Amino acid sequence: MKLDSKVPSGPLESKWEKHLNEINLLAPNNKRKHHVLVVGTGLAGASAAASLAELGYNVTSFCIQDSARRAHSIAAQGGINAAKNYPNDGDTIRRLFNDTIKGGDYRSREANVYRLAQVSNEIIDQAVAQGVPFAREYSGLLDNRSFGGAQVSRTFYARGQTGQQLLLGAYQAMMRMIHAGKIDYQPRKEMLDLVVVDGKARGIITRDLVSGKIERWSGDAVVLCTGGYGNVFYLSTNAKNSNVTAAWRCHKRGAAFANPCYVQIHPTCIPVSGDYQSKLTLMSESLRNDGRVWVPKKKGDERNPNDIPEEERYYYLEERYPSFGNLVPRDVASRNAKMVTDDGMGIGPTGRAVYLDFRDAIDRDGKEAIKAKYGNLFDMYENITGDNPYEQPMRIFPAVHYTMGGLWVDYNLMSNIPGLFVAGEANFSDHGANRLGASALMQGLADGYFVIPYTIGDYIAGNDLAAVSTDDEAFGEAADASAKQLDKLLNVKGDRSVIDFHRELGKIMWDKVGIARNREGLEQAIEEIRSLREEFWKNVRVPGEAGYYNKYLEFAHRVADYFELAELMALDALQRNESCGCHLRDEYQTEDGEAVRNDEEFSFVAAWEYKGLNGKLEAELHKEDLEFEFVELKQRSYK
Amino acid sequence: MPSLVEAATSQVGRKLLTGITGLLLLFFLFFHLAGNLTIFGGEHAMNIYSMTLHDLGWPLWIARIGLALVFIIHAWVGISIWWRRRKARPENYHVYSSKGEPSRQSLSSRSMAITGIILLIFLVFHINTFALGDTGTVLIDGREVSDLKTLVIETFQNPLYAFGYAIIMLLLAAHLGHGIWSSFVSLTMKSRKCSDLMYTIGATVAILLALGFLFIPLYIYFTGGCGAMIAGSQCV
Amino acid sequence: MGGSNMTIHLKIWRQEGPEAEGRFETYTLDQVNEHMSFLEMLDVLNEQLVTEGKLPVEFDYDCREGICGSCNMVINGKAHGPKRLTAVCQLHMRNYSDGDTIVIEPARAAAFPVIRDLVVDRSAFDRIIEAGGYVSVKTGSAPEANTLPVDQFNANKAFDYATCIGCGACVAACPNSSASLFTGAKIAHLNKLPQGQPERKNRVLAMVEQMEKEGFGDCSNFAECEAVCPVGISISAIAEMRRDYMKAMFDDN
Ligand SMILES: Cc1cc2nc3c(=O)[nH]c(=O)nc-3n(C[C@H](O)[C@H](O)[C@H](O)COP(=O)(O)OP(=O)(O)OC[C@H]3O[C@@H](n4cnc5c(N)ncnc54)[C@H](O)[C@@H]3O)c2cc1C
Ligand code: HEM
Ligand code: FES
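Chains as they are written, first to last, in the numbering used here: chain E, 2 to 640; chain A, 2 to 237; chain P, 48 to 300.
Hints are computed from structural coordinates only; laboratory data are not their basis.
Hints may contain errors.
Below, a list of computed lysine to aspartate or glutamate pairs in the EDC-like style, where the Cα atoms sit at most 20 Å apart [stated by the list, open to error]:
#1 Lys101/P to Asp600/E
#2 Lys374/E to Glu286/E
#3 Lys130/P to Glu383/E
#4 Lys204/P to Asp465/E
Just so it is clear, the structure is predicted and the values come from calculations on it, not from any experiment.
Just chain E, same shape as in the assembly (with noise of 0.2 Å):
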């Protein structure tokens, strides 16, 4: 396998505008005559499909709600970043930069990152002009805020809902070139296989959700923008539909998956409150701007917290960050919970929670002005648990919230697999180990909007890419797999139901695999995922039948492929012999529990090739080094 990054050479700054320079391009009636597929309807799949049908390409626009405007991304709350600096307080596209690529620790592509940056002042103007409502001021003009601890004013945010309206934006634009007759809109179709032709990716198999056909689809290229994979966990903040089927699929078929290991963890998030628990729901990190953390220092200590008197709470973030205190970033608030929990001073029925207490602040400022701030979010606390946070501290854990990796991408987001593009959360591009908050709906729209439209031109135009019909002989073989393995699913007839398999699934990622990890756990974490998996093959019971609308049967197929995933993430993790940004191994850090980054051996993106699977995974790992000519690498520390 070679990975070739194809990033353009010279000056960071120009790179971008070089490589424009130098692309092939299409002209518009050729554009015609060329056919795309857009998997996925979230802000990379909605805006790449609408810009590509603005140019003239025939787009076909897949997803598996009844709506492209449910897509996962709808439920983004914070914001989006942008180097517009319209504040004045010094932001500009370096800057940018620099906090993306340092945010995510040196783990990823400078050029794409920088090219992340220049787009990321595009976005906002596009969807202004859409009518996304985003804040603004009195004066009538845009409202920024300072956002996951960055030092200037650069998210752009539409009250707490900003997915929601940049969704509808690219929603509605694609919905105008549906009516334009340019894009041949398909919702409730799961992807379940990529067709290769060839060597090139040139169409995709889907299941109708609602008739159960197993369908065709042939192309000129493929985009795959189909999300992130943190329900492998299954509990996350994720939509119940997000899944890796589509990306996990492509990757069986030759595509190679990048940096599998690194996962996002929010450490303010409801915590779960029973076995039935199907979702965790994310509260905004800005809560612990007032709030306070804590733990009874007393283990298994019933009391009523506002019982507890103050030297008998260990507000542990606020004592081993004495700088940041309870502003410490995600990664580092989430780890410390899971060391307090993990010690036993954890609180609630399960033990797995810990305080966010608002009461000095509503003694400091009143319960008018913490209301004023956060109002909304104790409203939906208070809906979600039934306990008041005006008179009780609240309870908080942290919960998986975003994938960093995905399939390996070039600078022009082509996979390896030539025609296969990836864009969003489902490729590993632009945030390195970790990413930082307001970044996704950036990158997923700089993907859709600004990056996607003009590669895939080039790719068009410098490849012949004869007629494939739908009857050639690669579609009937993924055609028959998929229906095979549907077949094979529903014919296990066994006596656990999908939910229980993926529930402990969820648990040996979530305890091994998860916020930390060391060479014990993961290893034994591999052992019991193949062992459940063989379990999963001769004893999950899926009800029905394929013909019809059968929710448990597109679950089960989604949690077969987790079971693969859940192993490459495993390895993974292993052989990153490091801490970095989220992925922390308990054998890399200092003394006081502080990450240890080795950017000599593992200044690297990890690609992983599929090579079988029978019993154990087969995989194969290729390394994509990491340059760095414009940043100097530091080591984070937030003492």
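Given chain E's structure and the hints, the job is docking chains A and P with the ligands onto it.
Showing chains A and P with the ligands alone in chain E's frame:
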């Protein structure tokens, strides 16, 4: 761009039509009530009023035709809305209930079509009874005019008429209890504050109007036609 | 784990397809935790059904955070259940008591044919947006964002309308199955903003026409839609739509 007819029969157009015609009918009712209340005026007030109207000649006919048109449009559009609703939900809920505030679902709003249709049927009877009814004549200032007043007083001696009318007027109150506010919303009133205020005003007007109308038959019935408020009446 | 358990009786509409006859089936769950969400309670029911070798109840969901608009069902006659400003995925079982019977039906409207059980086809909403619910700005052709100030008041108003999650509860609850709140909200969102001005006439005319074509009923100003809307969109959206429609017809500028 839709034609004017297409626009008028679009979903928005239909509501504008019910709103406008509903309000026009409401104005007519005010006028009608004022006319009816002349029964409590001087001895001949009601008959003079009726005579003056009839003396108008062709303008009266224009008004009548206009009014009939307004009625027809209102009823036709209203019934068509109701009809479409049955098409739009072929299978009803087995259990259904309103979620309450700020919903305006009420007995009044849910029964607009029924109250409307009853009003329409009533109208036929009503015209038959009074407009086409057999009136005697009476001499006013040497002119022979039809004696509407006596017809009214006689008619409402009949409990069937008196109570029948009263009940219909309650239905009118129900129709307008939602209807007045609703017509303002149809005619694009959007502020929340206005809306709440308008609802109260609308319902109050509806009740007062209906009370005004139903007072007459009941008064006549209970006083046997010789109540003190009716000047110059002779008990029958 | 914490929280008290209760017994809940369920009466759920089961229907195999758009043409199939539907019927109610009754179930009893006796370990319903008060902290469960309503959908988690249905998950538990489904696990029980699957164990018994029966077919699970199909219903739509995705985010389970009240933002994607996938979930949609009518509970004891109320779209999204008893609690105001709450999508059913955000409804918790503590709103019910031990021994309660809960009747669950799909959203019923000719324009939302049943796919299976509680899952309905809401693609009509997409087609309404397709008719004109957008600003026709091509990628790359947008002016600098701050060249177009929007006064805060209108920006906020537009936002209130833009928060629609497209769940279809408005249609489900409306005695007429009208989609006026949904359609009005999108028209009002865009028509309140300067970006929406160039296309405002065509937008309202085309979207209203499409709404009618899809077979939704008329709006009789019941305002039930506002009461069930999980994000509380006001029926003033409908007034905005009517006003814009008239302007589009009669205003020459
Ligand atoms: C609660 C929450 C809050 C967040 N807040 C922020 C924030 O404030 N700022 C920020 O920058 N980021 C935030 N993020 C992260 C961000 O929302 C996501 O990373 C981003 O939206 C992903 O977009 P996407 O287009 O790549 O994929 P998604 O939005 O996940 O879309 C995936 C699409 O692919 C489709 N799909 C998937 N599999 C298949 C298949 N097999 N066949 C067909 N279609 C398929 C789906 O139907 C869907 O349309 C948040 C995330 C969460 C969970
Ligand atoms: C006596 C005279 C009447 C008056 C003053 C009157 C008044 C009104 C008013 C003000 C409205 C509200 C309009 C709106 O919502 O925009 C209304 C609605 C309605 N009227 Fe009447 N009405 C009268 C007679 C009738 C008749 C005869 C019928 C028909 C059969 C009728 C059927 C309806 C219906 C069905 C509605 C509801 C329309 C809807 O659902 O949107 N009304 N009426
Ligand atoms: S599941 Fe997304 S709104 Fe309820």
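Hints the structure violates: just list their numbers, smallest first. 1 and 4
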